[in-house]
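In order, the protein sequences belong to chains A, B and C.
Counting from 1, one number per residue, gives the positions in the first sequence under the UniProt record's numbering.
Counting from 1, one number per residue, gives the positions in the second sequence under the UniProt record's numbering.
Counting from 1, one number per residue, gives the positions in the third sequence under the UniProt record's numbering.
Heads up, some of the hints might be wrong.
[Unchecked claim] Dumping the calculated DSS-like pairs for lysine-lysine here, alpha-carbon to alpha-carbon at most 30 Å:
no. : chain 1 : residue 1 : chain 2 : residue 2
1   : C       : 33        : A       : 33
2   : B       : 33        : A       : 33
3   : C       : 33        : B       : 33
Calculated directly from the structure, the hints in this document are not laboratory data.
Computed from a predicted model, the values in this text were never measured in an experiment.
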Amino acid sequence: MLTDLFTPSVLQALDIAGIFVFAISGALLAVRKNFDVFGIAVLATATATGGGLIRDLIIGAVPPAAFTDLGYLVTPLLATVLVVFLHPQVERINRAVAVFDAAGLGLFCVVGTTKAYEYGLGLPFAAVLGVVTAAGGGVVRDVLANEVPSLLRWDREIYAVPAIVGASLAALLIHFEALNPVSSALSALAAFLLRLCAIRFGWRAPRAWHRRSAAAEEA
Amino acid sequence: MLTDLFTPSVLQALDIAGIFVFAISGALLAVRKNFDVFGIAVLATATATGGGLIRDLIIGAVPPAAFTDLGYLVTPLLATVLVVFLHPQVERINRAVAVFDAAGLGLFCVVGTTKAYEYGLGLPFAAVLGVVTAAGGGVVRDVLANEVPSLLRWDREIYAVPAIVGASLAALLIHFEALNPVSSALSALAAFLLRLCAIRFGWRAPRAWHRRSAAAEEA
Amino acid sequence: MLTDLFTPSVLQALDIAGIFVFAISGALLAVRKNFDVFGIAVLATATATGGGLIRDLIIGAVPPAAFTDLGYLVTPLLATVLVVFLHPQVERINRAVAVFDAAGLGLFCVVGTTKAYEYGLGLPFAAVLGVVTAAGGGVVRDVLANEVPSLLRWDREIYAVPAIVGASLAALLIHFEALNPVSSALSALAAFLLRLCAIRFGWRAPRAWHRRSAAAEEA
Numbered sequence: 001m002l003t004d005l006f007t008p009s010v011l012q013a014l015d016i017a018g019i020f021v022f023a024i025s026g027a028l029l030a031v032r033k034n035f036d037v038f039g040i041a042v043l044a045t046a047t048a049t050g051g052g053l054i055r056d057l058i059i060g061a062v063p064p065a066a067f068t069d070l071g072y073l074v075t076p077l078l079a080t081v082l083v084v085f086l087h088p089q090v091e092r093i094n095r096a097v098a099v100f101d102a103a104g105l106g107l108f109c110v111v112g113t114t115k116a117y118e119y120g121l122g123l124p125f126a127a128v129l130g131v132v133t134a135a136g137g138g139v140v141r142d143v144l145a146n147e148v149p150s151l152l153r154w155d156r157e158i159y160a161v162p163a164i165v166g167a168s169l170a171a172l173l174i175h176f177e178a179l180n181p182v183s184s185a186l187s188a189l190a191a192f193l194l195r196l197c198a199i200r201f202g203w204r205a206p207r208a209w210h211r212r213s214a215a216a217e218e219a
Numbered sequence: 001m002l003t004d005l006f007t008p009s010v011l012q013a014l015d016i017a018g019i020f021v022f023a024i025s026g027a028l029l030a031v032r033k034n035f036d037v038f039g040i041a042v043l044a045t046a047t048a049t050g051g052g053l054i055r056d057l058i059i060g061a062v063p064p065a066a067f068t069d070l071g072y073l074v075t076p077l078l079a080t081v082l083v084v085f086l087h088p089q090v091e092r093i094n095r096a097v098a099v100f101d102a103a104g105l106g107l108f109c110v111v112g113t114t115k116a117y118e119y120g121l122g123l124p125f126a127a128v129l130g131v132v133t134a135a136g137g138g139v140v141r142d143v144l145a146n147e148v149p150s151l152l153r154w155d156r157e158i159y160a161v162p163a164i165v166g167a168s169l170a171a172l173l174i175h176f177e178a179l180n181p182v183s184s185a186l187s188a189l190a191a192f193l194l195r196l197c198a199i200r201f202g203w204r205a206p207r208a209w210h211r212r213s214a215a216a217e218e219a
Numbered sequence: 001m002l003t004d005l006f007t008p009s010v011l012q013a014l015d016i017a018g019i020f021v022f023a024i025s026g027a028l029l030a031v032r033k034n035f036d037v038f039g040i041a042v043l044a045t046a047t048a049t050g051g052g053l054i055r056d057l058i059i060g061a062v063p064p065a066a067f068t069d070l071g072y073l074v075t076p077l078l079a080t081v082l083v084v085f086l087h088p089q090v091e092r093i094n095r096a097v098a099v100f101d102a103a104g105l106g107l108f109c110v111v112g113t114t115k116a117y118e119y120g121l122g123l124p125f126a127a128v129l130g131v132v133t134a135a136g137g138g139v140v141r142d143v144l145a146n147e148v149p150s151l152l153r154w155d156r157e158i159y160a161v162p163a164i165v166g167a168s169l170a171a172l173l174i175h176f177e178a179l180n181p182v183s184s185a186l187s188a189l190a191a192f193l194l195r196l197c198a199i200r201f202g203w204r205a206p207r208a209w210h211r212r213s214a215a216a217e218e219a
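Starting from the given sequences, assemble the full structure and let the hints guide the process.
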């Protein structure tokens, strides 16, 4: 599917870029948590590969991609080395990291949905696994670092919504047999731009009813 | 097995009811943790399907039931909507929720044991997976919410014991080839009633030896 | 492979000894966290079997060894009983427990690497899974107990490095077709001794660059 849509080298380059920026976000959190260099490498790798790993276990793609392609092993280590030596500089370009992270989010929700569908899952479940692929690594990162997952928190810009939009678009395209290089790239782009707007304009999702007044008091 | 024991529609209705109440417990915790609506939906879904998902990965039933039956996807979302708009009312009927949760506990420990046995596991391991099915979702819920799992805590009414009793009864019935609709319903009922009594009478499990005096000091 | 290297009974005895000491470490943490006896049993079992369980799910060895061999079920329960009744004494021999834990670390990183290779994984990934086998249970333990995994923390003696050394040695031996009872025992021994030295001499891994001065201020 997607593999045929793009030239493989383009797709692979995008994939590795996504792995890299997710690994950066894991490594930066590890530095903030004062982990040692091995802890940084573990958190970078878990963040980068966690979402795809969970997807592959659920669809029965064993051994998972993360354990068959050396790029998934080496890329997080490169991100680790970069962050270990240059983390103040990387923090300073946090905005650039956020842009790449949004690109990874867009790419992974589309790729994840497509792969799950190829393994025979129904489209609603394929879309769920697209979201898991894009957002699961960040949840694994936060659980390992003993933090409340930023995906779930109210005081963070929306992350799930762009992933849901991108994965749903991909699922709809598959349903209408309209998945092609252009349309799948546009799906990823929609998720990417939605996430960028969320960061730029501070978009948050609402909380439970009645919580708003309580929040006003807290603030 | 169990599928033949009950009429499928009865079993399915019980199953969905169990999913629903587990999802309610996840959604309520998410509201208390101040998550946004997507965080509530994620925690509700993870709580409702987490135990069965772990069981299915371990017995090799991929894709897991949670990813093949739309009821497992839609039911937690309904529970989310209910809790988002009515959570003060749902909190107020917390006692009713606890009763349904106990029913889910009873049902899932028996169903989980039976399914694991059908997939070829030995009876002791099938019983362990019955307990995982019943109690695993709550552990996933607490880990994602960054809380100490209430399953493990001393200051909570026993939850593991009813699940162990129900799963062990189911395993014994299978061993003596006495599993039928009535006997498996009685196993689930035993776990259900034991959990209700634990809540009603505040039954707790002991801690490690020597801890009791320390507890007295703490109190 | 390894199964042929040692007489099965020796290997099995070592394996069960590793399970036992990992279970002790889980049970001791559970006592410190004030869990009830069932919480202690759950944490002991998860610590002892978690690493191998994750490895088996990733390589597709389902049902995992932990769910086919009664020793994996009974041994953690024995460790639980021991700790519940004698935990002050067990704490007092914490140094002995640390020695056994180091032995389990050495054994499991070699066994895990070999098993993953037998299931068809490439050697770098087999070595990663060796490390997961040896260190994964401790991470599961800390996540369930809602603590920052001690594997990742800077203020703990190195644990990952001995596992990486042992797993890499085993992978190199496989690569050069030199894996035999003596050489694999030496690999496990290297990891074991490295871990013992780390404890004895307080070896820690460095943190990210620039963190050292910050650490000096904190101290």
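These are the hints, each one checked on the structure:
1. C/33 to A/33: 22 Å, holds
2. B/33 to A/33: Given pair residue 33 of chain B, residue 33 of chain A holds - Cα atoms ~22 Å apart, limit 30 Å.
3. C/33 to B/33: Distance of about 22 Å is within 30 Å: holds.
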